[in-house]
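There are 2 protein chains.
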Amino acid sequence: MAGLAGGGGVRLRVSDLPTPSLVLDTAALDRNLSRMAEVLPGPRLRPHVKAHKCTALAARQKDYGHSHFCCATIREVEGMAAAGLGEDLLLANEVLDARRLGVLDARVTVAVDSPETVAAAVRGGVRECLIDVNVGLPRCGCAPEEAGRLADQARSAGLSVRGVMGYEGHVVGLLEAGQRRQGCEASMLLLKAAHADVGGEVISAGGTGTFDCNEVATEIQAGSYALMDTAYGKIGLPFEQAFCVLSTVISVADRYVVADCGLKALGMDHGNPDVPDAKVWFCSDEHLTLAPNQALKPGDRIRVLPAHVDPTLAYHDRLHVVDGDDVLEEWPIDLRGW
Amino acid sequence: MAGLAGGGGVRLRVSDLPTPSLVLDTAALDRNLSRMAEVLPGPRLRPHVKAHKCTALAARQKDYGHSHFCCATIREVEGMAAAGLGEDLLLANEVLDARRLGVLDARVTVAVDSPETVAAAVRGGVRECLIDVNVGLPRCGCAPEEAGRLADQARSAGLSVRGVMGYEGHVVGLLEAGQRRQGCEASMLLLKAAHADVGGEVISAGGTGTFDCNEVATEIQAGSYALMDTAYGKIGLPFEQAFCVLSTVISVADRYVVADCGLKALGMDHGNPDVPDAKVWFCSDEHLTLAPNQALKPGDRIRVLPAHVDPTLAYHDRLHVVDGDDVLEEWPIDLRGW
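So the sequence lines, in the order shown, correspond to chains A and B.
For what it's worth, our numbering labels the leading residue of the first sequence as 1, then goes sequentially.
For what it's worth, our numbering labels the leading residue of the second sequence as 1, then goes sequentially.
If you're looking for bench data, these hints aren't it; they were derived computationally from the structure.
Do not take every clue at face value.
[To be verified] Derived DMTMM-like pairs: lysine to aspartate or glutamate, alpha-carbon spacing no greater than 20 Å straight-line: (1) K192/A / D212/A; (2) K297/B / D97/A; (3) K297/A / E146/B.
Predicted model, so just to flag it, every value in this text is computed and none were measured.
Just chain A, with the same shape it has in the complex (with noise of 0.2 Å):
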């Protein structure tokens, strides 16, 4: 599945470790999916692979019971195929060019909106689409009233419809929990709505922020929840942070200190990352810089917390999944690129 860091009986330390470096803690990221699993079973979700862009945890996903996977891009789609992870891989996004998901080896599911992206899938070999509704994130989706024309059309132009999707992206992050519902509530009415004008068995939504509260989905597409990052450390769930970017102090002044953790390792749209006990000031390419509560010098450890999870995992090549101080496993960050 992925190989066993520091080969040769050679045992890898998490102080060993160049940085700055992802490092997973595995027993919370176990901790992490056994919660989601207890809660939404097997195809009950679909884990979104766009997370953390990573066949080997995606394997440890179906480990618990998953096995039909979300993607957001072409090369996720390629790369779980290759992986042997394609029994059902839906790519919940609109693609121009579906040339390249006609001809894998795995049953390919497409995202469309419009008789474009109809057109498209027909052209690149792909069989099976699902309807995709806007549901109040101004983003992709028909409206909620031409989705049953869509499907109409994608059924004549020799798709299989299998339903709809709409993500409630601009709810999963609210703060406060009734609010996640009540939004989420009415966005899934929108759905529900295009549901019954398009008819087959899959109504896809959801994410993390709404796992628990979203009572239309037939599964949801959640993917933040096995590593999380600060912002949905923020709103309450039952999941962990399972995961930072180990960096080093490289330089100290009288009220500030620098590490080797920046903009290239942090995925910076949702702000900058935490650290705990320490002030975190500002970040440049390749540096942070921060004011720690207690005295540190050069050469020692911090670990970062990344506000968002999927733009920091895009930039790195390879997860270290440890247990304490022990490299148990370094895995590919293999689904990058598009």
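On the provided structure of chain A, position chain B as indicated by the hints.
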């Protein structure tokens, strides 16, 4: 130097590229390189490869007369040495483990700002250093008044001290040229004083925003000037935007469209990208929602101009060098990672 795209005589067009793709206008690049080389010929410029992480682009910079390069990571130094561009490589950053530097077939100089980083350089087999001086940016660098003593320590430890460096990073992005000049002068007074205590022939400083107003530095560490971004585009420099992220419109709604260029294709710390003739609303992982001034349909291509070049390039694995609609070359972004 880099493989021709679409080999075997097949002509590859920009309109055939998958998206999102980094596209570099070869003529604009040459104009930028030429303008810089006129003002700062040969070793007066030490191009910073962190901005592009691309040895093929560094080789183009060498064609314009610059053969001494600046790096931000050990990986960048390694890659430049492996590409035969190791005549004079400055790692303008502190490292606590320099073992990978000491073994390179290249002239390697490392920045030091503490006894610990001096000791690390010696342990790692590095033979030359610059004393990194804090000239106002709260990041790395020793206090100016400590530079002389640190230089003595470095020499006692067996290092050759080539001089000083000090990056006025708090000044390079100021909007007004007069403010940049004034701020740069204040910083360079500190660096000059430190240099008097340290000695050596090198005073390394500056960036794209101060390339023509830093009167103290013997060499300028500019990187962004080659490709540019919308942040540097606002401050009135004689360099032009030479690259973009080519993206496809994948969904169209009444008031907005959605393109396939998101957080994982863009450095976001400087904010949203610009799209000519459109108003950008927001970015998601793989999406850009924008309101175009003219009607667009699914399949149309748009050019997305990132706000910050360095963390944008670090997400991509190649640059497509183009002349009009012809793709001339594909340059690997081969210095990514650490």
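Hints not upheld, ascending by number: Of the numbered hints given earlier, the structure breaks none, since each of them holds.
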